[in-house]
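Novice: Each chain is listed here by its residues.
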Amino acid sequence: MEDQNTQSRSSWPLWEIFIRSKQGLDHKHVGSLHAVDAAMAIENARDVYTRRMEGVSIWVVESKYVHASNPDEAASFYDPANDKVYRHPTFYQLPDELTHM
Amino acid sequence: MEQQTLIDYTLHLADNALVLGHRNSEWTGVGPILEQDIALSNIALDLIGQARNFYQYAARLSNGVGTGGVEVTEDTLAYLRDAWDYRNCLLVEQNNGDWAKTILRLFFFSTYQYYFYQRLQQSRDRELAAIAEKSYKEVTYHLRWSSEWVIRLGDGTEESRRRIKEALDQLWKFTGELFVPADYEKVLAEKGIAVDLAPLRSQWEERVGAVFQQAGLAKPATMWEQTGGKQGRHTEHLGYLLAEMQFLQRAYPGCEW
Chain A
2 MEDQNTQSRS SWPLWEIFIR SKQGLDHKHV GSLHAVDAAM AIENARDVYT RRMEGVSIWV
62 VESKYVHASN PDEAASFYDP ANDKVYRHPT FYQLPDELTH M
Chain B
118 MEQQTLIDYT LHLADNALVL GHRNSEWTGV GPILEQDIAL SNIALDLIGQ ARNFYQYAAR
178 LSNGVGTGGV EVTEDTLAYL RDAWDYRNCL LVEQNNGDWA KTILRLFFFS TYQYYFYQRL
238 QQSRDRELAA IAEKSYKEVT YHLRWSSEWV IRLGDGTEES RRRIKEALDQ LWKFTGELFV
298 PADYEKVLAE KGIAVDLAPL RSQWEERVGA VFQQAGLAKP ATMWEQTGGK QGRHTEHLGY
358 LLAEMQFLQR AYPGCEW
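For the record, the sequence lines run as chains A and B.
Going by our numbering, the first sequence opens with residue 2, and the numbers climb by one from there.
Going by our numbering, the second sequence opens with residue 118, and the numbers climb by one from there.
Derived from the structure by calculation, the hints contain no laboratory data.
Quantities reported herein were computed from a predicted structural model and do not represent experimental measurements.
Just so you know, not all the hints are guaranteed correct.
[As the list claims (entries may be wrong)] Capping the alpha-carbon separation at 30 Å, the derived lysine-lysine pairs in DSSO-like fashion look like this: (1) A:K23 <-> B:K336; (2) B:K290 <-> B:K254; (3) B:K336 <-> B:K290; (4) B:K336 <-> B:K254; (5) A:K23 <-> B:K254; (6) B:K254 <-> A:K29.
[Unchecked claim] Beyond 12 Å from chain B on every Cβ pair, some chain A residues (computed): (7) S12; (8) F19; (9) H35; (10) V67; (11) N71; (12) P72; (13) A75; (14) F78; (15) D80; (16) P81; (17) T91; (18) P96; (19) E98; (20) L99.
Glycine is no exception: its CB is placed at the ideal position from the N, C-alpha and C atoms.
So that you can see chain B by itself, here it is in the shape it has in the complex (with noise of 0.2 Å):
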């Protein structure tokens, strides 16, 4: 039961970073300038990453607590479970719409997992504590990256600007889910495990705040919360997200190449 939840909690990790690695990838290949498209698929590839290292350490534990003689992988983990077995933030699995709503999930998403890993780092949990420890790097390169994008559309052109506020709109209302602890989360702060969230959100806000000062734009006062996607509640788009991701191994299963 214990180990359950650690394995809940491991999961969310390597869901959020899946996932919107999985998003950040759809744009490699057809990127607005070879440059950021080599950016944003670099950015894709250490969320990947991360995700593979959370989803080894729960195929572990999930082995040690006994599956009834299935073999849990970390592919078995990305690639055959459904949409209500994932625990991701529902921030993280909307779609791409256009650059401006890429950059601003991705800046949304980095400036919560800068703080969140920094944190982490001083878990209980030494395997997450080493994974925190390494992702902390890439995140900070993804949240300076993500930062300038901001500034550069709010502060840009019309249009640009037109764009990075529709955007805002479409996905403030997701950001408050981050800081809302899912039952696992809460069990496992108490014991020093998982991040206590509570302190995170003014960090958040303030970072937020200060880019969003330097590209013009307005943070929206009211902070509806949409919450769910921790527990395996989603939106429409992990669905068809998941459709396409595990289509090869759902129609070969076992396939190699």
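Pulled out of the complex, with its shape left as it was, chain A reads as follows (with noise of 0.2 Å):
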């Protein structure tokens, strides 16, 4: 309790910053910053991120809330799928009238 309050007494919590540019789809992770709520997150992320017309949507996640996988775990996260080269879809055998694939 006590380290909460200095810890919002000293620093302004950091943000995850999503911005959705004019030809874009998805919202793309641009950078992170301080903001003391969500409502003063969007207005610093339009002054930060969006200065040169880069985008037309905002999203702000507190980045206390985004959980990341552990780096140490890597080699047994990720190496076994090497040599797995069967789950990509390219081998199976497609119709020809089968398009938009």
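Using the hints, put the two standalone chains together into the complex.
Specialist: The following block contains the structure:
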């Protein structure tokens, strides 16, 4: 409790910023910034990340809500996929009349 | 003579924007937090951009009536006029003080500009109307941004509340001038060129009142009006601002970099 108090007094929480550009369909992570709440985070994102017409939509997520995988576990997480080429859909024989795949 | 009135009015609009833009730019690099430093610098750039549009128009008008062979440009208007030639309102030239004072000054003036540009878009002078249209979008954001900050400070901590109240005490007396028309404003308002300031006042008071209510701030009852800026009679602060802003061009005339 005490920790939280000193934390909030000394620095504003960090927010992850996602911007959707005019051409893009998805919001892309562009960086992070400090703000006291979501409303200010959106305004700050507007001022920091859309100055050069980069975006038409902004999402903000407080960084503490983003949970990440552990880099130490990379070997067991990702390496096993290395030799499983059959997981790619390129092995299927597609009928000729099937388009848009 | 008639052109001169329009030049005076255009310079008044340009000076308002330049002086407030310069004041806000004084925070660049020393803002309380990086994100807010950028936010206020963006606003400063918006205002200086508005000033440039007005100065360019004033320069064209000035060269049109003849200036004795000396070409007037946006730069000569900004860098080579003295304080008594500047026609900005007293409010915008006041010192930055702390963050609260800077915010409140911007909030008061953005509220004014918001309703002002709304009306200037209907000006019979198409150049002024076009500049107003572009500026209106920018000012809409300035108003939103500064309103949120006034609410945060007024409704924040004991210290932030004390600071915004002190700022209010210092700045309130300069708000009346916004609505007291100078002669050039009266003449041009009759022709549908300048904005008629009379109806603006109640809109301004209503908006300021609404934000103050959210911020838990009380609007001072008396509206004592310190005026003179529109006629070139300024507070002591403008001279220092110009000395810093104009130094390079005064010391090294025509210098470019």
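Novice: Next step is simple, just say for each hint if it's right about the structure.
Specialist: Hints versus structure:
1. A:K23 <-> B:K336: violated, 43 Å
2. B:K290 <-> B:K254: Distance ~28 Å between K290 (chain B) and K254 (chain B) Cα, so the pair holds.
3. B:K336 <-> B:K290: holds, 12 Å
4. B:K336 <-> B:K254: holds, 27 Å
5. A:K23 <-> B:K254: Measuring from Cα to Cα gives roughly 19 Å; hence the hint holds.
6. B:K254 <-> A:K29: holds, 26 Å
7. S12: violated, 9 Å
8. F19: holds, 16 Å
9. H35: violated, 6 Å
10. V67: Per Cβ check, V67 (chain A) is outside 12 Å of chain B; nearest 19 Å; holds.
11. N71: Answer for N71 (chain A): holds, closest chain B Cβ roughly 30 Å.
12. P72: holds, 28 Å
13. A75: Holds, since 33 Å exceeds 12 Å.
14. F78: holds, 35 Å
15. D80: Non-interface label on D80 (chain A) holds, nearest chain B Cβ at 39 Å vs cutoff 12 Å.
16. P81: holds, 42 Å
17. T91: Non-interface label stands for T91 (chain A): nearest chain B Cβ at 46 Å, farther than 12 Å.
18. P96: Holds, because the least Cβ-Cβ distance between P96 (chain A) and chain B comes to about 54 Å, which exceeds 12 Å.
19. E98: holds, 52 Å
20. L99: The claim holds: L99 (chain A) sits with its nearest Cβ about 49 Å from chain B, beyond 12 Å.
In this structure, the earlier hints numbered 1, 7, 9 are contradicted, and the remaining ones agree with it.
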